[in-house]
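S.K.: Here's the letter readout for the chains.
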Amino acid sequence: MSSSVCVVPPPPPSPVRALKEPAAASGRQTVEEEEEEMMFNQSNHTSDNTDYYDLNDNYSYNYEEPCSHHKNQSVERVVGPYIHSIICILGFVGNSLVIVTYAFYKRTKSMTDVYLLNVAIADLLFVLSLPLIVYNELSSWSMGPLACKVLRGSYSVNLYSGMLLLACISADRYIAIVQARRSFRLRSLPYSRVICTIVWVCALLLSVPTFYFYHWYEPGINEESFYFDEEETTPTQAPSPPQYVCEFMFSDNITAWRTKIAVPSTQLAVGFFLPMLIMVFCYAAVIVTLLKARNFQRHKAVRVVLAVVAVFIICHLPYNMMLLYDTATMFQLQSCDASDALHTAKTVTQTIAYLHCCLNPVLYAFVGVKFRNHFRRIFQDLWCLGKRYITPRRFSRVTSEIYVSTRRSVDGSSENGSSFTM
Amino acid sequence: MACRKDFLLTALLSLLVLSTFIDNTQSASCCLRYVRRPRSCTPMLGYTIQTINHACDIEAIIFHLPGRFVCANPKADWTQRGVACLDERRRKTTEIIEATTQANTTSA
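Going line by line, the protein sequences match chains A and B. First residue of the first sequence: 1, per full-length UniProt numbering; consecutive thereafter. First residue of the second sequence: 1, per full-length UniProt numbering; consecutive thereafter.
Be careful, since some hints might not be right.
What the hints assert, rightly or not - Computed footprint of chain A on chain B; a stretch qualifies when at least three of its residues, placed anywhere within it, have a C-beta under 8 Å from a C-beta of chain A:
1. 30-42
2. 45-55
3. 62-69
Treat the hints as calculated values from the structure; they're not laboratory data. These numbers were taken from a predicted model, which means no experiment stands behind them. C-beta atoms are modelled at their ideal positions from N, C-alpha and C, and glycine is treated no differently.
Please take these sequences and the hints and turn them into a complete structure.
M.R.: This is the structure we're talking about:
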């Protein structure tokens, strides 16, 4: 392909429908064959020396057909149901354990607790909406228009709130460790609730375009199209049950162009780069402070901080790079294969990004000694409840487990009084 | 451990439930590039206008040929002529149909 064809500027505001007007205006009364002959001659002038009836040669440029992403579909068939359901189950178990722990055993005492609880709620809502989205994607949105808007919208809300809350946690740890003198004033409980409310409201506001512009529709119905009556069934469109999609739909080109650029750009800026910059800055300062401190547990703390940042970047950077590339080349011409590969890469990297919501409970909650102790109490209490149904044969194993847990909790209490629990 | 067994069972069940729905997957197909060689309007059966107002990201005219679709640049001269030619043909077809129905009603 020559470059002049490949590179096309963003589409002009003039609608394509204007193309139809001259045809309607010209009311020539010629014989049909004559006119077709004329058409044939006219187009012959523009080209060099091509045969117009060579319907059987298969040069790729000769038959640009609409692409339907076959490769990506086969990837989605594997990733969609199998890997996503594993993510859903792990995320559901991990995040509901965090929420249960906070609900029954650990009253939210500190700012960190409030943030961790909110992250767990956002992640739980996300893993609950994920199987519904996967199911609808695979069943041509059989749950209808309301499900389309609600699921797409809640996906967006949870994405933004989850990412912004992780940034809040890093800022909270920065204040607790680096700005320790100010931390009593800044890290009060009502303050943190206000911040969480602001984060959720921001997430909702940022998701308004998604709520508004995602529509449930049947593709092809709204597009301008016509066939000759007698030849209606000739193309490869077999009559099939209605296939609905849940995609962007706009009333005019300018809105379409702006929104298609603005939505992924906002997601990149607020949903990735802003939290990443905050995290990198805050945790870098935290690590510097920790390395200066004379605490025998500092190495573990540094390792945890590095793991938090590394997991965030490994999970979200590939997907956001794909999103950035996709947004930058959105209105450009590309081949079916390239587009297919891009979609496949997006599907795979998106799955890696989804994995983050299963890792958050481990990285943020279960890594903390205090939290682990509370969590162990849940299991001990559950154990006591279920004890009467268990045969006495396993008893010795139980006592050893309790012994280990109490020993660890003693270790935990010997830690310094920082709220930055490791 | 009973709890681990339950967990595994739940995982397998949900896998099964989800995998039953993977039959009729279909995404909207879009033109991503334009055909380079101009085409005559003779074999064309109709056309569809692809706008960026829906899932697709470029504007195109999709000409319907017997058994296949061809993506054309809406700004190209031959595309506009093809669209005009098809519109003219459609107008005539409807005129003929109207004329025949009118003739039928008057004769009846």
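S.K.: Between the segment 45-55 of chain B and chain A, are there enough contacts, at least three residues with CB-CB distance under 8 Å, for the coverage claim to hold?
M.R.: holds (count 11)
S.K.: Is the coverage entry for the segment 62-69 of chain B by chain A consistent with the three-residue Cβ rule at 8 Å?
M.R.: With 7 residues closer than 8 Å to chain A, the segment 62-69 of chain B meets the three-residue bar; holds.
S.K.: Taking beta carbons only, do three or more residues of the segment 30-42 of chain B come closer than 8 Å to chain A?
M.R.: holds (count 13)
When held up to the earlier numbered hints, the structure conflicts with none and fits them all.
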